[in-house]
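S.K.: Chains as they are written, first to last, in my numbering: chain V, 160 to 683; chain L, 438 to 768; chain U, 21 to 389.
Rather than coming from a laboratory, the hints here were simulated on the basis of the structure. Don't take every hint at face value.
What the simulated footprint calls covered on chain L by chain U, stretch by stretch (three residues with Cβ under 8 Å from a Cβ of chain U suffice, anywhere in the stretch; the number is not a length) [to be verified]:
id	region
1	548-554
2	670-679
3	743-751
Everything numeric in this text was worked out from a predicted model, so none of it was measured. Every residue gets a Cβ at the ideal spot worked out from N, C-alpha and C, and that includes glycine.
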Amino acid sequence: MPAEHSGDAPVLQLREMTKRYGEVVACDHVDLDLHRGEIHGILGENGAGKSTLMKMVIGLALPDAGTIRLDGEAVRLHDPVQAARHGIGMVHQHYSLVGALTVWENVALGEKGALDPGSTRDRVVEITERYGLEVDPDAYVRDLTAGVRQRVEIIKCLRHEPRIIILDEPTAVLTPAESEHLFEVLGEGVRREGWAVALVSHKLDEVLAATDRITIMRNGLVVDRVATADADAHSLAREMVGREVTLRTGAAAIGSVEAPAAAAGEAAEVKGEPILEVRDAATRAADGRVLLDGLSLEVHPGEVVGVAGVEGNGQTPLVRVLESLLRLETGSVRVDGEEIPTCRAGAMGAAGIAVIPADRHHSGCVPDMTVAENLVLGSVDRFAEWGLLKREDIKAHARVLIEEFDIHCPSCDTPLGQLSGGNQQRVVLAQALSVGPKVLVAHQPTRGLDVGAIEYIGGRITAAAESGIGVLLLSTDLGEIAALSDRIVVIYEGRIIGEMSRAEFDMERLGLLIGGSTAGEDAA
Amino acid sequence: MGGFFESLGDLFRALFEVFTSATMYGSAVRLGALLAFAAIGEMVAEKAGTINISVEGSLLAGAFTGTLAYHQTGSTALGLLAGVAGGLIISWIQANMSHRLTADQFVVGLTANVLVLGVAGFLNGVIDPKAASAGILEIPLLSDIPLIGPALFGQRWPLYLLYPIIPLTWWLLYRTRWGLEVRAVGENPQAADVSGIDVNKRRRQSIYYGGILAGLGGAFIVLGPIGSFETGIIGGRGFIAIAAVYFGGWRLGGVVLGSFLFGLADGFRLALPSVIANVDPPLEGAMIDGLSNASFLAALPYVLTLLVMYLITKEFRQPAALSQPFIRGLR
Amino acid sequence: MTARTDTLLDPRVRSGLEMAGLYVLSLAGALLLSGLLVAATGNSAFKVFGALLDGAFLAPGRWGQTLVVAAPMLLVALGMVVGVKAGFFNIGQEGQLLIGAMAMAWVGTRWPGPGPLLLFVGLALSMAFGGGWAGLAALMRFRRGVPEVISTLLLVFVAAQFSGYAITADWLLRDLDTTGPTRSVSSAPLDEAIRLPVLRIFGNEFNWGIVIALALAVLLAVALVRSVWGFRLRMLGHNPAVAQKAGVASTRMGSLALFLSGGLAGLAGAVMLAGGSSGFRVTSGFSQNFGWQGLLVALLARSSPILAIPMAIVFAALRTGSGFLAATGVDRKIVDVVQALLVLALLIPPAVQFIRDRRKALAMAGEEA
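Chain V extracted, bound-state conformation (with noise of 0.2 Å):
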């Protein structure tokens, strides 16, 4: 595979794509050309414009000026199904199934034309049977694990039988053996049919894996071109940062877990009685699912312990159990060896345990409220006297920490809603701390951020452990887990399958055991 295309023409041309959101320029004049027979990763941080920029190719977003042609002929793209017609299909991140719809009814969503179900169902299984994508076309999508809707999503793309392919960040749900296959069935469908394939990442590791050439965004411009063959991890990391990062918090951002390994053996000493203790988890969706079965974990003061997992097998229900959302059928929460009741308003919080959740609009922060209140959401009787609030008092403690946490706002009464989701991240980040906790419970704190406030985070995350503070982290992204934890646990469908110390780190095996692997695991 040549690494430059001086000669043939592009399939895909893009030409001063420029889009504005209100007054950020999410891409800015980008050219890029996309080539039949190659997989050209575009690489860049979170905020990079990568996603904007497939967007408009998709037709998911209009571009304010700029150019598209496809095979030489300009076109205007409007929305994905026309997209479709002019063979481009895209591979989104999660959000494109629908649980309560049959795998063959996903498969048809976004189309136009008369609802035939025999010949979809017929055209799922021919997929299915080329591309070796096992699935079974009449299941229900909320019934399959991350992998398999990956699948489902590919099915659907491939049903138009797309020239030009783009994948969203491909592998963020799925195991280090899910991602091998998912390359090799690109791999195939790139040799044997000739198609173009743009892959969006932020991470370094997968990038150099399977691209054939690269592009760089950063701050919605193109910063640089190269073949793969001629990249490696630490300028490619540069440019895409803008300068040098510390591999320790920065590997995390960047996807690259070769630090971790070369960090390792610095792990912090275990010591005493656990601060944190949950014994035999188990509880059920009201539906029946189950959610938690059997789960027992244990955090040490000053210790970081990382979770790590696919998504969907218990992390979510697990720290609606540490918010006191979600109550436990059978098993305990013990804070300090006290028992805390689960589901009791308020109960966690009490016991010492801060959360910064997955999605901090769900239960992290309330947008319509301001800085301040937000700042003092599960604190506020500490600034109240006779059951009236203190204002004076709770604005002090909000400039305090906007200026410790750096967090950039017009002033402490702007609505939380107003500031960018890493600001948004900040104040969540500064109000689980301020507390003064005995445990962090963190889960995926840094998803969606820029490398800057991935790297405070980190750095923030760290820092907490070494005053004391016991640290859970779950995290989806290995990189993450492999760079802040002192020891690393697994979670596989509602259990702890495996667990390992920073010393006896190895990449290989935790990659099996998020599988679900436990083979060879009777040591453990």
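Chain V is fixed; fit chains L and U onto it per the hints.
M.R.: Chains L and U only, in chain V's frame:
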């Protein structure tokens, strides 16, 4: 004590008489049909994610515009058509205010209901339109089935419009692309959006469908069984229709069943006094008096609906995005 | 010069002006539609407007009457505000108001004791019963997940029938006086001593109801913004999960909010009765849509207790003004239409602003990830 048991016996005898009277099943089907028209449309709107409380307003609007059109033309068919238009107007307000301008759907629905009550009340006073019942059409053979035959197939003809609507709605929801998209936007609007579906458009359309059926239902009750209009004619049955959707667990069969069950309560209320009056030997006693108290009877459908909702509501069965607005980029 | 232009076009000022313009346009549209409806029936919209103004404020003694009417509307609206702030949409005030009025009538006509004490007990009990009625919806919501929007609505019809029964039942509320030629189907009138005291200012008479309502409006406004309770209530309304995490149980706080919400509607019913509505009697149709209209007041006020005060006066004015419409030959029901159109019109500008804010927020987030 003997008096008590005698009285209890009379009570059971009264209940028996009512439940074996064709009168009751007749009214039950008529009122159940009114609920079913509204509830089927409401179910479609809810499948797409809207609790459309303006269904009450659409029913009343349909009843009134149907009456107006009949008053002008003397044609039942045109009256029914006008009813559809009336229901559609209200659902247009609901749909566009809540799924274009993103105003709160309950606020809009509530206000739309008040608006209809005001406009219909005002114009009814000014115009004083007259309506009349359409003719009874007995469907051969089917109407000969004992007890439920006449109730289901010996009615004034506008009621029969309901019967094809049931399979039509099923087909629309489960066998057309539109229905697939409607179900998708009610379950996971974000996913539908990235699949290229205009979420709010589908939601608006599903509300229009609800408005059409409710308007038809409103016109049906005037031009079918009742034959005249008054502003209290709907009297909260739109809300009972919403309850029927919950009762049915957002499944068509269940929703229709729920409508007729609640209709049965209404039919019972209407039939009881006349049935009791005609029983031989006559019934009397405190229990019978209590049973046939007008207020008790009038409250019965609502009490029953509340009771049933308390017993059967299960949140996890509802469309996942029910009553949540969709704004692009907002999760 | 450019600097000056810049300050003139300060985006906040500009968007403020645009908002004001939008409000004016929407309201004008609503009034125009109402005017057209009047014109369609062959009457003059201006004459109607004049009559409304006379009836509400200008004619002797009318503004006092408007205040009398405004009091229960404001109370109902405050009840709605409490619910909405906590995230619960109690729209069954029409029923809760009836229940409250019945409680007042029960205490006032069937309990022994000195008048002023009975008045006080009656007001308190009306709150408790109105709250209890809304509490049924809370029970259904928190035990079974029945949406309060539907249950409170259905309970209106049950309350209406229950009051209809109560005024025919001797053991409940029916006037036991059998001396007249026909027995009245209503409760007995409240004794002089149990009625709300009347204030007379500049030839206008109004009772203490409006004073109670205004005091509660201010109290609620302060409580929402300044108190820990208000903070927690708002937290629950905005995000129940955050509230639960922070120690605010939605079951307890939400039940309390619904109870208060219904309680204020119940109080409104008692204030109507003790303020002279229907001749100090509970009759059939006693509630006169005050519950529904109070709801609209709260919606218009966008859940602000303070804004609810002028809105309640506007709605009350439309109502008292409509008493003067007979002379113009226009049915007073036109007022219902105007009210609904006003609410719909006022929904538009904030919705437009919301969409705009959303865009701004999206722009800041860059719509990534």
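S.K.: Tell me the numbers of any earlier hints that the structure contravenes, in ascending order.
M.R.: Hint check: nothing fails, all pass.
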